[in-house]
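For the record, in the sequence shown the residue sitting at position 395 is 396 according to the working numbering, with numbers rising by one throughout.
Please note: incorrect hints may appear among the correct ones.
[Said to hold, decoys possible] Derived CB-CB ranges, DEER-like:
{"no.": "1", "residue 1": "759", "residue 2": "44", "range": "47 to 57 Å"}
{"no.": "2", "residue 1": "637", "residue 2": "542", "range": "17 to 27 Å"}
{"no.": "3", "residue 1": "489", "residue 2": "747", "range": "56 to 66 Å"}
Quick caveat, the hints were computed from the structure, so don't treat them as lab data.
No experiment lies behind these values; they were computed from the predicted model shown.
From the three backbone atoms N, C-alpha and C, an ideal C-beta is built for every residue, glycine too.
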Amino acid sequence: MNTVPDAALERVLVPRVPALVAGFREVLWLSPEGEIEALSPEEARARLDPVHGGETPMVCHARAVARRLDIPSKGWARDWAGFAAFDLLELFAFVRPAQFCVPTPRGLAEALGLMPPKDMAEACVALATAARALLQDLANETGPDIRAVAEIAERAGWPWGPAVLAALPPAETGAQRRGVGLRAWERLDEWQERAPPPPPGNDPVGADEARHRLAALLGEDAEPRPQQADYAAAVAAAFAPRQRPDEPQAVLAEAGTGVGKTLGYIAPASLWAERNQGTVWISTFTRNLQSQIAGELDRLYPDPVQKRRRVVVRKGRENFLCLLNYEEAVRAALGRASPGAAQLSLIARWIGATAAGDLVAGDFPGWLAELIGRGRINALADRRGECIHAACPHFRRCFVEKNVRAARHARLVVANHALVMAQAALGGLDDASVPTRYVFDEGHHLLEAADAAFSVRLSGQEGRELRRWLLGAETGRSRARGLQRRIGDLVEADEEASAALLETLVAARVLPADGWHQRVGEGRGLPGAESFLALVRQQVMARALGDSPYGIEAEARPPIDGLVEAGVRLAAGFDRLAGALRRLSAALRRPLEDAENPPEPGMRQRLEAAVRGLERRADMQLAAWSRLLRDLAEPPGPDTVEWLALDRSDNAETDVAVNRNWIDPGKPFALAVAQPAHGLVVTSATLTDGEADAEVAWRAAEAATGLRHLPRSPEGARIASPFDYAAQTRIFIVTDIPRDDIGQIAAGFASLMSAAKGGA
2 MNTVPDAALE
12 RVLVPRVPAL
22 VAGFREVLWL
32 SPEGEIEALS
42 PEEARARLDP
52 VHGGETPMVC
62 HARAVARRLD
72 IPSKGWARDW
82 AGFAAFDLLE
92 LFAFVRPAQF
102 CVPTPRGLAE
112 ALGLMPPKDM
122 AEACVALATA
132 ARALLQDLAN
142 ETGPDIRAVA
152 EIAERAGWPW
162 GPAVLAALPP
172 AETGAQRRGV
182 GLRAWERLDE
192 WQERAPPPPP
202 GNDPVGADEA
212 RHRLAALLGE
222 DAEPRPQQAD
232 YAAAVAAAFA
242 PRQRPDEPQA
252 VLAEAGTGVG
262 KTLGYIAPAS
272 LWAERNQGTV
282 WISTFTRNLQ
292 SQIAGELDRL
302 YPDPVQKRRR
312 VVVRKGRENF
322 LCLLNYEEAV
332 RAALGRASPG
342 AAQLSLIARW
352 IGATAAGDLV
362 AGDFPGWLAE
372 LIGRGRINAL
382 ADRRGECIHA
392 ACPHFRRCFV
402 EKNVRAARHA
412 RLVVANHALV
422 MAQAALGGLD
432 DASVPTRYVF
442 DEGHHLLEAA
452 DAAFSVRLSG
462 QEGRELRRWL
472 LGAETGRSRA
482 RGLQRRIGDL
492 VEADEEASAA
502 LLETLVAARV
512 LPADGWHQRV
522 GEGRGLPGAE
532 SFLALVRQQV
542 MARALGDSPY
552 GIEAEARPPI
562 DGLVEAGVRL
572 AAGFDRLAGA
582 LRRLSAALRR
592 PLEDAENPPE
602 PGMRQRLEAA
612 VRGLERRADM
622 QLAAWSRLLR
632 DLAEPPGPDT
642 VEWLALDRSD
652 NAETDVAVNR
662 NWIDPGKPFA
672 LAVAQPAHGL
682 VVTSATLTDG
692 EADAEVAWRA
702 AEAATGLRHL
712 PRSPEGARIA
722 SPFDYAAQTR
732 IFIVTDIPRD
742 DIGQIAAGFA
752 SLMSAAKGGA
């Protein structure tokens with residue numbers, strides 16, 4: 002336990018302001034003198050109204066308080082919640098970055114080891130107590146960075162700024178660069194390139210070995226669950242050596258709720274990874290289960306340092322903070338003295354403490370994203386098509402690059418179905434290596450993920466995104482860098498490459514430009530993709546059976562007059578663009594194959610990333626679009642279905658698209674993911690549908706997971722739940738409470754939970 006010297010305690014000055022706690026039915030106001038008042042929402046709003054010299058109270062989660070008091074948000078002003086406040090969650094995020102607490106007065110008290118309040122009156126007092134505890138934590142902070150961050154926040158008008166600066170130890174003398182506190186990227190470690198790991202071995206994991214590993218994970222005091230041990234033994238078969246090419250050791254395992262699937266498959270998977278010096282990818286459909294699995298792995302690796310080396314949670318690029326986006330936000334905030342610098346200060350503190358830089362379901366608290374604003378957080382995330390890879394000044398500190406490299410050397414990678422499918426469909430996303438061993442939890446969602454990954458969608462938004470990737474920002478409203486800015490220096494000395502780049506930039510103008518929404522909606526799209534999409538929209542409007550504020554669809558055949566011809570012309574334009582991209586890719590590949598004068602490592606990485614991106618868009622995206630367009634003139638194929646869509650959101654049109662989906666997405670999943678693997682487990686609590694005939698039910702499960710398309714049928718395992726849910730479950734359908742009456746709904750839930758003694 003840290004002790005705070007008396008001299009440091011004297012620096013702790015809790016702001017002498019009222020405390021405000023807003024419930025659904027009452028609002029309490031604690032004055033600095035200790036007087037508690039019960040207010041109506043109207044009275045509370047009047048006290049907070051800045052027009053009448055509103056007060057600045059201490060609250061927990063200002064946005065939630067604003068919603069309960071019906072105070073509208075005012076965007077990015079300092080009083081972004083609609084009123085100025087000392088938000089304890091902001092102070093918590095500053096003092097304890099990358100840590101979570103339940104965003105309530107009670108949750109805050111529990112996170113700080115304080116006595117949790119029992120009612121709203123105690124919650125008012127708890128806010129001031131929590132503020133003192135957090136400010137006391139700062140008294141022992143000696144690093145110069147935290148003061149630099151706090152000074153920027155204070156200058157930006159952060160209410161906590163003066164109290165935080167007072168609590169921190171005195172600053173050392175010496176000039177600092179402007180904005181140094183927000184330059185969090187400078188304080189991050191760089192990743193170091195490591196030699197690629199050797200291919201994994203092929204030693205099997207026996208059923209008894211899986212049982213023993215499971216027992217070791219559970220410990221001696223665990224409640225015996227024979228079903229869990231049987232499950233671990235059954236799925237161990239997936240970790241046997243493969244006997245023939247394209248015939249993975251596949252296990253389809255259904256285990257009822259309560260069996261303990263997670264540790265059941267972790268046992269043989271971890272044993273195989275250790276024994277063979279390989280990596281097993283554990284894939285889920287939901288982020289919640291991904292986080293749960295990562296937590297369960299504490300049993301396998303109780304040492305956090307070892308766990309960081311052995312376990313990696315892999316997610317798509319859009320989940321991570323982009324340091325270049327963050328730097329540009331910092332420059333913008335400092336350049337115009339924006340109050341947003343206070344929120345960037347909280348992000349700077351998090352950057353210095355985060356384990357992985359994951360903004361979504363990682364160690365970035367969800368409530369902090371709400372406090373700062375989802376739009377601003379999304380703007381800081383890595384966005385598809387904008388990454389400049391090795392040309393980025395932050396490349397060697399990049400969170401995504403660290404994540405990719407860590408996964409190459411991990412024993413267990415916890416990923417999600419979408420990432421695994423995309424990696425297979427595109428031949429590798431950020432990493433060309435392909436896993437050989439998989440465990441697919443939530444297997445009943447496999448085809449849903451495969452349907453999204455292996456479909457083809459030619460839309461205005463997709464086309465506009467590709468144009469932005471190729472040409473960059475054309476209107477100044479985006480920082481998107483086109484090919485010229487990303488790779489111009491790589492081709493300037495090569496006449497053939499320069500010509501291919503110029504040809505690419507010209508051919509890219511066949512894609513939708515800014516403002517395409519309005520032009521297509523008015524039926525006057527520019528030549529190329531826009532004129533084709535205008536005809537697509539016309540056909541949807543003419544053929545759809547009904548109207549909807551959320552989107553309408555229509556069959557692709559028979560096409561309206563002119564649609565096929567416009568599609569063929571557009572396909573020719575896509576072919577020209579793809580050809581230019583291939584020639585540019587070939588020119589960039591030549592230095593990589595120059596044995597006498599090989600490029601230095603940093604240049605090699607840039608070239609490889611550029612080649613990979615160009616080839617993916619030429620051979621995957623544009624080629625698929627061209628085939629789809631030409632096939633509209635032909636009868637429908639036996640394996641796919643084509644359809645047209647007009648997407649809407651609240652009656653506003655958002656996209657126009659031609660879609661091609663597999664009738665059975667299990668086919669591409671089996672071909673691209675399952676067959677190249679050496680072994681895989683597909684597991685869920687709901688693989689079969691309760692069919693009386695067990696054989697029929699099992700065949701249906703193979704069809705619903707795509708495993709029926711493997712050359713050899715998977716081994717099957719069905720483990721019943723240890724609980725009698727039919728006898729222990731009651732379902733209540735409530736019809737006598739209005740859906741929009743929060744108070745009655747809350748009271749109803751409370752009654753159910755009390756009657757069920759917490760089981761509801």
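So, going through the hints one by one against the coordinates:
no.	hint	verdict
1	759 with 44: 47 to 57 Å	violated (36 Å)
2	637 with 542: 17 to 27 Å	holds (22 Å)
3	489 with 747: 56 to 66 Å	holds (59 Å)
Hint compliance for this structure: hint 1 alone is broken.
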